[in-house]
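Colleague: If you want the building blocks of each chain, they are given just below.
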Amino acid sequence: MANKKVVIYSTPTCPYCKRAKDYLSRKGIPYTDINVAQDRDKAKEMIQKSGQMGVPVITVDNEIIVGFNQAMLDKLLA
Amino acid sequence: MYDLMIIGGGSAGLCASVYAARKRLKTLLVSADIGGQINKTLGIENYLGYQFIEGPELIDKFQTQVSQYPIDQKIGNKVSRLEKINTGFEAISETGDRYQATAVIFATGKRPRRLNVPGEVGLTGRGVTYCAICDGPVFSGQRVAVVGGGNSALEAALDMVKIAEHVDLVSLTPLTGDAILIDKLSDAKNLSIFTEHQTEKIEGQDFVEGVLIKDLKAGEKKQLDVTGVFIEIGLVPNSEPVKGLIKLNRWGEVPVSCACETTVPGLYAAGDVTDVPEKQIIVAAGEGAKAVLQAHRYLQRLVT
Numbered sequence: 001m002a003n004k005k006v007v008i009y010s011t012p013t014c015p016y017c018k019r020a021k022d023y024l025s026r027k028g029i030p031y032t033d034i035n036v037a038q039d040r041d042k043a044k045e046m047i048q049k050s051g052q053m054g055v056p057v058i059t060v061d062n063e064i065i066v067g068f069n070q071a072m073l074d075k076l077l078a
Numbered sequence: 079m080y081d082l083m084i085i086g087g088g089s090a091g092l093c094a095s096v097y098a099a100r101k102r103l104k105t106l107l108v109s110a111d112i113g114g115q116i117n118k119t120l121g122i123e124n125y126l127g128y129q130f131i132e133g134p135e136l137i138d139k140f141q142t143q144v145s146q147y148p149i150d151q152k153i154g155n156k157v158s159r160l161e162k163i164n165t166g167f168e169a170i171s172e173t174g175d176r177y178q179a180t181a182v183i184f185a186t187g188k189r190p191r192r193l194n195v196p197g198e199v200g201l202t203g204r205g206v207t208y209c210a211i212c213d214g215p216v217f218s219g220q221r222v223a224v225v226g227g228g229n230s231a232l233e234a235a236l237d238m239v240k241i242a243e244h245v246d247l248v249s250l251t252p253l254t255g256d257a258i259l260i261d262k263l264s265d266a267k268n269l270s271i272f273t274e275h276q277t278e279k280i281e282g283q284d285f286v287e288g289v290l291i292k293d294l295k296a297g298e299k300k301q302l303d304v305t306g307v308f309i310e311i312g313l314v315p316n317s318e319p320v321k322g323l324i325k326l327n328r329w330g331e332v333p334v335s336c337a338c339e340t341t342v343p344g345l346y347a348a349g350d351v352t353d354v355p356e357k358q359i360i361v362a363a364g365e366g367a368k369a370v371l372q373a374h375r376y377l378q379r380l381v382t
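So the sequences go chain by chain: H and A.
Numbering follows our numbering, in which position 16 of the first sequence is assigned residue number 16; successive positions increment by one, without gaps.
In short: position in the second sequence from 1, add 78, done, that's our numbering.
Next up, chain A with everything else stripped away, as it sits in the complex (with noise of 0.2 Å):
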């Protein structure tokens, strides 16, 4: 049984797992992963300390950070759901392990949103991609879709017209994103864009042969023949494992007090999961800082 489990190894968790360890508490970090979003972030120029740091560099250095305190960590191993138990919570991971503590930080994050249309999930890692940055290169010299209209749609439009023969830009709305980025796209001359244009279909056998789009004004519907779909259409939150403890908010987040705290009692959250308005790393790490030393005084008011 451990004072407190800190689920999450994006910035909020690992910041969190900073502060338990300097307040003493005996503590478990278990995460799918180490570094969270901050794994498809090329550079960072807004991280307080660092006028430019790389993300794998950060993710490294808060790491080497957390790894010099006894704290223990279960890492690949992530936690499908959190429950009430008399003595606090218990978490069960997808392999089945079972963790309890007597308090808890959640701080699972966000990830990519899915366009939910048939031929996505079979064609993912096979033309589909959630991180342009990552896996567009692989794409050079092909016809490519971007779906999405919001700013992390254009820059991954603008990475591959430098990259592609082609790119298609779908947006089931007009650009939602920064007018800069819009105007760095007009000069692109591979560059199609479809506005007001849903993605309907993709297609493939093995791998992704192309797109079907359905002009949502005309009604008419268009065959795109690419290779590769970079969707880039937003986040959802990874609430799922407090679903049946909290009530999420229409976006699925979960609700927190200025304080971090949950309406369950020793549950707290922080970061990009939550409702906190901001998704940014020196945020996160903030709020998971914040949920701690509130986990703390609550864990001392149980024993006085």
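Here chain H stands alone, though its shape is the one from the complex (with noise of 0.2 Å):
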């Protein structure tokens, strides 16, 4: 697998985003991991890069998901 870089925007107490990050763990995948909730620059780049504000928001590159899609991030993984 190349080195994608894989961001993930979420909050503390988004199930959703716990379950995307413990996918990409598993998967044995980096990422960095950015607390939308304590960062509010980081909260506005992540409104302005998916055209809305809800979490999780995951980039490959330069590609975006919005929410934990799992069949989109193995696409875009692979």
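Some hints could be false.
Claimed, not checked - Only pairs whose alpha carbons sit at most 30 Å apart, straight line, appear in this in silico DSSO-like list of lysine-lysine:
#1 K4/H x K44/H
#2 K44/H x K321/A
#3 K44/H x K300/A
Hint data in this document are derived by calculation from the structure and do not stem from the laboratory.
Dock the two chains into a complex; use the hints.
Modeller: Here it is in structure tokens:
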């Protein structure tokens, strides 16, 4: 697998975020976790990139996934 | 052609999958997602065997248990219609895939109810949300509205008064949630409660800029300058796929017998999509198990 840059914008209380992070960890994929509850600038960045305010938002290189969509995530990571 | 098709991947469908595999039925699990409503639950303290477990962890445990059995899984594929065919049933997914099975467990659960007001659909995810615990923290320091008067609305309001600058709680009726939650809310200084107020419209271009509410007694309208709207007005069953096969009850639920039978032989239903009293993870799981054991008997009768 090529080294794709994976970033997840999340909140600490969001179950979908936790599932997405657990899923990446189990697959051994390194990712950067951004807590948008704490970082208002990053929250704005997430809203700009995804055009919406729901978490999680996952970026794989330049691709953006809104929500924990396992099938799409697998596709972009492949 | 499968022996059994389980539609829905919440606690009912996942428990059904384990039972089906152990009965060695040739089984397909098809679902829009895994975990269903548990995905919106952070802490669970009433699932037997765990004094406390987080929703995602319980889902993982369910999924791991299901995945150790050789059943086929189509996840991320939502069934839009179930039809009767000569040999059993055919499910048609949103993407046009077709799956056939002799018997079916229908366990599609419930989803959040929509307000059905102008602005709601277009601004969903742009300030309008149905998952306060997920998206709440994104609105830290902002003014938000919570719509609803039951327990889930009160819990959302309690969470948000800690995070938001100000919370407007808007309920069509007097508050109907537990007294203990109402008491807790009375301490909050950054909360306004509007009971017997109707939410008429959600405003905003790209993102939510406000809501318009109407006092049902005085008839006055009021504009709330909020950037977030948390809609917590209950749940509706995901029963649309079987509308053509079964007469639903007045809430849209699938009526079942105590053996999870529907009015169609070979079609069983389990969990929150049914009219079974009490919507609980453990109840739904038990219903899923029961439905499969019944379906197994039905399949055995067909071969003999």
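Colleague: Given the hint that K44/H pairs with K321/A, does the C-alpha gap stay at or below 30 Å?
Modeller: Cα-Cα ~42 Å, so violated.
Colleague: Does the alpha-carbon distance linking K4/H and K44/H stay inside the 30 Å limit?
Modeller: holds, 23 Å
Colleague: Is the hinted pair K44/H and K300/A satisfied, with a Cα-Cα distance of at most 30 Å?
Modeller: holds, 29 Å
In this structure, only the earlier hint numbered 2 is contradicted, and the remaining ones agree with it.
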